[in-house]
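Residue numbers (the numbering used here), protein chains in the order written: chain E, 1 to 529; chain P, 1 to 529.
If you are wondering where the hints come from, they were derived from the structure by calculation, not from laboratory data. One should not assume that every hint holds.
[As the list claims (entries may be wrong)] Straight line, CA to CA, 25 Å or less: simulated DSS-like cross-link-like pairs of lysine-lysine:
id: 1; chain 1: P; residue 1: LYS297; chain 2: P; residue 2: LYS71
id: 2; chain 1: E; residue 1: LYS242; chain 2: E; residue 2: LYS265
id: 3; chain 1: E; residue 1: LYS13; chain 2: P; residue 2: LYS155
id: 4; chain 1: P; residue 1: LYS111; chain 2: E; residue 2: LYS265
id: 5; chain 1: E; residue 1: LYS347; chain 2: E; residue 2: LYS361
id: 6; chain 1: P; residue 1: LYS13; chain 2: E; residue 2: LYS155
id: 7; chain 1: E; residue 1: LYS265; chain 2: E; residue 2: LYS71
id: 8; chain 1: P; residue 1: LYS265; chain 2: E; residue 2: LYS155
id: 9; chain 1: P; residue 1: LYS347; chain 2: P; residue 2: LYS331
id: 10; chain 1: P; residue 1: LYS297; chain 2: E; residue 2: LYS155
id: 11; chain 1: P; residue 1: LYS111; chain 2: E; residue 2: LYS106
id: 12; chain 1: E; residue 1: LYS331; chain 2: E; residue 2: LYS347
id: 13; chain 1: P; residue 1: LYS265; chain 2: P; residue 2: LYS111
id: 14; chain 1: E; residue 1: LYS297; chain 2: E; residue 2: LYS331
id: 15; chain 1: E; residue 1: LYS106; chain 2: P; residue 2: LYS265
id: 16; chain 1: E; residue 1: LYS71; chain 2: E; residue 2: LYS13
id: 17; chain 1: P; residue 1: LYS265; chain 2: E; residue 2: LYS265
id: 18; chain 1: P; residue 1: LYS265; chain 2: P; residue 2: LYS297
id: 19; chain 1: P; residue 1: LYS155; chain 2: E; residue 2: LYS265
id: 20; chain 1: P; residue 1: LYS528; chain 2: E; residue 2: LYS111
id: 21; chain 1: P; residue 1: LYS155; chain 2: E; residue 2: LYS297
id: 22; chain 1: P; residue 1: LYS106; chain 2: E; residue 2: LYS265
id: 23; chain 1: P; residue 1: LYS352; chain 2: P; residue 2: LYS528
id: 24; chain 1: P; residue 1: LYS347; chain 2: P; residue 2: LYS361
id: 25; chain 1: P; residue 1: LYS209; chain 2: P; residue 2: LYS242
id: 26; chain 1: E; residue 1: LYS13; chain 2: E; residue 2: LYS297
id: 27; chain 1: P; residue 1: LYS209; chain 2: E; residue 2: LYS209
id: 28; chain 1: E; residue 1: LYS111; chain 2: P; residue 2: LYS111
id: 29; chain 1: E; residue 1: LYS111; chain 2: P; residue 2: LYS265
id: 30; chain 1: P; residue 1: LYS106; chain 2: P; residue 2: LYS265
id: 31; chain 1: E; residue 1: LYS331; chain 2: E; residue 2: LYS352
id: 32; chain 1: P; residue 1: LYS106; chain 2: E; residue 2: LYS106
[Stated by the list, open to error] Looking from chain E toward chain P, a few residues come up when the C-beta cut is under 8 Å (computed):
id: 33; residue: GLY142
id: 34; residue: GLY184
id: 35; residue: LYS213
id: 36; residue: CYS243
id: 37; residue: ALA271
Computed from a prediction, not measured in an experiment: that's the story for all the values here. Cβ atoms here follow ideal geometry from the backbone N, Cα and C, with glycine treated the same way.
Protein chains: 2
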Amino acid sequence: MGEYSCENEYDAKGAYLCPGFIDAHVHIESSMVTPNSYARVVLPQGTTAVIADPHEIANVCGTEGIWAMYKMSNMMPLWVYFMMPSCVPATPFDHAGASIYADDMKQLAQKSRMLGLGEVMDYVSTTNGEETMLDKLTLFDGRVIDGHAPLVSGKELNAYCVAGPGTDHECSCFDEVLEKLRAGMSILLRVGSAANGMEELLCAIADAKLPTKNMMFCTDDKHIENILREGHINYIAKLAVKCGIDPIDAVCMASYNAARTYGLKRQGAIAPGYRATMVLFDNLRDFNVIDVFAMGKRYTDRSCDIGHILPADVLNTVNMAPLTKERFSLKASVIGASENNGDYTVKFPVIKTVPGQLVTKLVYEDVHFRDSEFVPDRRFDKLAVIERHHATGNIGLGIVEGLCIERGAIAASVTHDAHNIVVLGENNDDMMLAVEALKECGGGFAVVHQSIVLARLPLPIAGLMTDAPIEEVLRKQRALIDAARLVGAPEGSDPLILLSFLALPVIPEVRLTDEGLFNVTNMSYIYKN
Amino acid sequence: MGEYSCENEYDAKGAYLCPGFIDAHVHIESSMVTPNSYARVVLPQGTTAVIADPHEIANVCGTEGIWAMYKMSNMMPLWVYFMMPSCVPATPFDHAGASIYADDMKQLAQKSRMLGLGEVMDYVSTTNGEETMLDKLTLFDGRVIDGHAPLVSGKELNAYCVAGPGTDHECSCFDEVLEKLRAGMSILLRVGSAANGMEELLCAIADAKLPTKNMMFCTDDKHIENILREGHINYIAKLAVKCGIDPIDAVCMASYNAARTYGLKRQGAIAPGYRATMVLFDNLRDFNVIDVFAMGKRYTDRSCDIGHILPADVLNTVNMAPLTKERFSLKASVIGASENNGDYTVKFPVIKTVPGQLVTKLVYEDVHFRDSEFVPDRRFDKLAVIERHHATGNIGLGIVEGLCIERGAIAASVTHDAHNIVVLGENNDDMMLAVEALKECGGGFAVVHQSIVLARLPLPIAGLMTDAPIEEVLRKQRALIDAARLVGAPEGSDPLILLSFLALPVIPEVRLTDEGLFNVTNMSYIYKN
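Model the full assembly from the supplied sequences, consistent with the hints where possible.
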């Protein structure tokens with residue numbers, strides 16, 4: 001600031017120098033690459049700090065997973081801060097790899113890059129004052145506590161705020177933003193991989209001239225191919241300006257406001273004594289990055305060449321009980337139907353997918369059974385959720401309508417939030433092979449067609465991430481999608497993402513866990529396998 | 001927030017409920033009453049939290065003084081937060097009661113109400129990277145560090161900010177505010193007892209539509225009679241609105257902004273989970289207080305009835321070497337003038353006061369000497385600074401023009417920043433008596449006229465404060481002023497305040513310390529006694 005001369009001078013040629021952008025809430029694991037690879041993708045977009053909630057790896061590896069993420073993100077030009085995952089497992093119905101209680105958090109809570117408690121998704125136990133939840137909130141009292149309270153409102157919201165959460169990144173409409181701001185919360189406006197109507201919301205905020213000082217940006221989950229294509233936090237800033245938000249306010253939302261809310265000292269502004277972590281943009285409308293400076297050094301492809309060691313704790317995490325083909329038999333008797341020989345139909349509960357959405361419908365359909373066992377066809381596929389953390393041998397089996405798999409199977413170990421192995425298929429042989437293919441490489445995604453593994457993305461780190469080069473990851477992802485289409489997955493939805501959420505017992509209306517078919521609406525099992 | 005019913009309901013009758021106001025920087029000792037009495041004065045004005053820098057008592061009692069203030073302000077409806085005094089003594093030329101180094105601060109730094117490092121007044125040692133100062137800045141790295149940098153600008157300001165200070169309360173003009181905001185500082189707008197042109201500055205801020213999110217209010221030093229007469233932080237809010245600042249912004253400056261800057265969690269707003277510490281104002285123009293609620297309880301005269309014990313460490317702090325009248329002789333030889341008998345004049349350096357201001361002028365005048373000893377007259381008074389902490393026997397003697405004391409003396413132990421005993425008089429007998437009067441009561445203020453103590457305000461706590469009832473303090477203060485006028489102090493300035501600053505070797509141009517006459521401009525002694 002001011003006239004100085006030094007050894008390395010840089011001519012910005014009239015471009016706009018902004019503080020480095022901050023992603024206020026992200027699950028790095030959802031990028032499927034290590035923090036180091038993730039940094040290589042987001043830094044060129046001008047994001048120089050992220051506040052990461054390692055909730056996914058924590059569900060697989062417990063606190064060892066969090067330590068691993070902490071170590072794997074050390075000493076990088078991208079500053080990775082952490083929030084302690086608050087809800088592991090996500091629900092009492094999830095059989096995840098670990099449970100984390102307040103006592104388990106104490107040591108990690110003292111780390112310098114650990115800012116506070118991560119998104120408190122379980123608002124029911126929070127507002128009910130459930131003891132294990134209160135212990136966590138108490139441990140982080142006085143620090144930032146992230147909320148996650150979609151459509152929570154009125155007295156319920158008041159109770160939630162009293163318990164501790166001070167931010168929310170789930171607002172989907174203007175009134176929700178307004179009510180939560182008035183409740184003293186900071187609002188994280190999210191544009192990730194999932195479409196969420198953020199442009200409409202940004203326009204409403206601009207039209208109402210709502211003060212933006214307590215608003216900031218986040219991606220939550222955004223795949224690397226999307227980041228490479230459209231940008232990261234700079235993309236949200238661009239949307240905001242397009243929607244009528246003042247460019248200076250947009251820059252503050254992308255940097256300063258997050259730094260203040262999360263207590264990041266000497267960050268979020270360009271000023272003496274602040275970190276010289278800055279981005280040069282072409283203009284404050286498109287936010288195309290010309291150059292990035294991290295801690296005073298110009299960012300280049302080699303800036304991230306840091307030899308992070310993969311902690312052994314997060315490798316070889318697929319620990320399944322021995323599996324036989326017979327375990328894939330879905331019997332009519334699970335719903336109390338009588339066992340019969342020969343072909344017949346049974347009115348059976350079915351998970352019906354909704355094109356382009358993550359919600360599902362619970363429907364009862366006449367499905368084909370032979371010798372008391374469900375037989376998939378072009379309309380109805382078989383879904384299995386296989387416990388893979390503690391070799392319990394649990395397998396949940398169900399029927400899915402809408403994904404149209406033929407002569408093949410798709411399997412995944414990235415399956416929120418318990419990250420068990422989920423496999424969808426038309427025949428037991430291909431399903432078995434797909435699971436074996438994942439087991440062999442420590443997890444990931446696989447598509448099988450007529451006894452051949454068509455495509456596979458190995459994710460050996462907790463079954464969630466890989467340290468393979470980004471180009472290789474992108475190529476294999478494309479191959480997976482192509483293979484999924486080949487075995488019948490319809491256009492319009494990403495079949496891999498859909499699969500990843502079919503076992504999450506908090507999204508309406510019906511899900512499959514490793515125990516059986518779960519009705520999310522009334523939080524109870526329709527049947528157990 | 002919302003419709004609730006409860007046992008005690010209160011009808012606000014359309015008045016304005018605001019978060020409790022916050023004084024972002026104050027020296028409580030300057031009120032001359034204990035934190036408890038101070039609370040009784042400011043709470044009815046709507047101030048519910050103050051951020052106190054116990055710099056004055058620290059200069060007398062060291063860290064024990066800070067502990068005492070901490071204990072004396074515990075469990076009150078007024079929340080007293082602290083900043084660690086950073087410059088004790090204020091300069092190397094001050095002979096204060098204690099020196100505080102980084103090592104001495106470590107234990108106190110961990111206390112929950114200790115927020116950070118107090119105003120770093122010594123900007124020279126700060127920008128020079130002097131080691132003992134850097135140790136303190138390092139100890140409080142990552143926490144709030146208050147600045148104090150009047151008119152520091154350009155590269156000097158940059159260096160100062162790099163060292164750590166992130167706030168400033170010394171801005172006197174718009175350009176200074178703008179430059180310091182741009183340097184990443186938060187600005188505390190101060191309206192205390194001293195007139196400082198704040199209305200003009202507030203109008204300039206309003207006219208320029210400068211964002212106020214990093215601005216807040218403070219009093220620094222404000223006497224209780226002024227607070228009772230015109231208000232406290234609510235008075236600054238009133239001025240701000242009068243000058244054109246949006247009333248909502250003014251309320252934020254008076255509450256929310258300070259809470260955010262100083263990291264006061266769950267404070268500064270009315271929202272679920274925030275402290276129910278609120279003020280009911282008649283309107284957002286006059287800010288007259290209707291009622292105050294502290295932690296959900298309505299404030300009454302009895303809310304502060306808490307039996308704080310006065311720590312023994314801060315009592316009986318006047319520790320002078322035995323004093324004889326002869327010590328008051330100011331010899332012409334101190335400036336190298338030859339000793340002579342009889343009456344004659346000597347061109348002698350004189351402290352010339354400026355009406356209505358704290359600055360002084362260094363002038364050389366022909367003053368009356370008899371038998372080599374200075375003889376005061378209607379124009380020239382004698383000033384003495386007597387070391388009173390470690391009984392060193394130091395006495396500085398000088399000549400003051402402009403206060404016109406006749407047949408009397410005024411003495412004080414509230415004398416920034418070292419708080420030695422300062423006495424101004426026309427004859428040695430009355431000066432001696434005034435000092436003895438202070439010694440007897442543990443410090444304070446005294447006015448003597450013709451061998452009679454006309455008025456005295458005992459300040460037995462560190463020679464700075466009293467726990468006497470507020471009405472008694474006010475009555476004695478008025479009596480002191482009346483008595484000072486009687487012995488000749490001119491109208492237009494408060495002679496007691498003037499006296500309090502005559503020994504502070506940082507205000508231009510010339511001061512007297514317990515060692516001798518000090519030229520502030522070139523930071524060196526003109527003569528030593």
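Checked hints:
1. P:LYS297 - P:LYS71: 22 Å, holds
2. E:LYS242 - E:LYS265: Given that 25 Å is the threshold and the Cα spacing comes to 30 Å, the pair is violated.
3. E:LYS13 - P:LYS155: This hinted pair holds, its Cα atoms lying about 24 Å apart.
4. P:LYS111 - E:LYS265: With Cα atoms ~20 Å apart, LYS111 of chain P and LYS265 of chain E stay inside 25 Å; holds.
5. E:LYS347 - E:LYS361: Measuring from Cα to Cα gives roughly 16 Å; hence the hint holds.
6. P:LYS13 - E:LYS155: 24 Å, holds
7. E:LYS265 - E:LYS71: At roughly 21 Å apart (the allowed maximum being 25 Å), LYS71 of chain E and LYS265 of chain E satisfy the hint.
8. P:LYS265 - E:LYS155: 22 Å, holds
9. P:LYS347 - P:LYS331: Between LYS347 of chain P and LYS331 of chain P the Cα gap is close to 13 Å, so the pair holds against 25 Å.
10. P:LYS297 - E:LYS155: Holds - the C-alpha atoms of LYS155 of chain E and LYS297 of chain P are around 22 Å apart, at most 25 Å.
11. P:LYS111 - E:LYS106: 20 Å, holds
12. E:LYS331 - E:LYS347: Given pair LYS331 of chain E, LYS347 of chain E holds - Cα atoms ~13 Å apart, limit 25 Å.
13. P:LYS265 - P:LYS111: The hint holds at about 15 Å.
14. E:LYS297 - E:LYS331: 63 Å, violated
15. E:LYS106 - P:LYS265: With Cα atoms ~21 Å apart, LYS106 of chain E and LYS265 of chain P stay inside 25 Å; holds.
16. E:LYS71 - E:LYS13: Answer violated: LYS71 of chain E to LYS13 of chain E is near 38 Å, above 25 Å.
17. P:LYS265 - E:LYS265: 16 Å, holds
18. P:LYS265 - P:LYS297: 19 Å, holds
19. P:LYS155 - E:LYS265: Holds: LYS155 of chain P and LYS265 of chain E sit about 22 Å apart, inside 25 Å.
20. P:LYS528 - E:LYS111: 54 Å, violated
21. P:LYS155 - E:LYS297: Between LYS155 of chain P and LYS297 of chain E the Cα gap is close to 22 Å, so the pair holds against 25 Å.
22. P:LYS106 - E:LYS265: Holds, at roughly 21 Å.
23. P:LYS352 - P:LYS528: Between LYS352 of chain P and LYS528 of chain P the Cα gap is close to 19 Å, so the pair holds against 25 Å.
24. P:LYS347 - P:LYS361: Satisfied, since the Cα-Cα distance of roughly 16 Å is no more than 25 Å.
25. P:LYS209 - P:LYS242: Satisfied, since the Cα-Cα distance of roughly 15 Å is no more than 25 Å.
26. E:LYS13 - E:LYS297: Distance ~18 Å between LYS13 of chain E and LYS297 of chain E Cα, so the pair holds.
27. P:LYS209 - E:LYS209: Holds, at about 16 Å.
28. E:LYS111 - P:LYS111: 20 Å, holds
29. E:LYS111 - P:LYS265: 20 Å, holds
30. P:LYS106 - P:LYS265: 23 Å, holds
31. E:LYS331 - E:LYS352: 19 Å, holds
32. P:LYS106 - E:LYS106: Roughly 23 Å between the alpha carbons, so the hint for LYS106 of chain P and LYS106 of chain E holds.
33. GLY142: It holds, given that the least Cβ distance between GLY142 of chain E and chain P is near 5 Å, below 8 Å.
34. GLY184: This interface hint holds because 3 Å falls under the 8 Å limit.
35. LYS213: Since chain P brings a Cβ to about 5 Å from LYS213 of chain E, closer than 8 Å, the hint holds.
36. CYS243: 21 Å, violated
37. ALA271: 3 Å, holds
Hints 2, 14, 16, 20, 36 from the list above are not met by this structure, while the remaining hints are.
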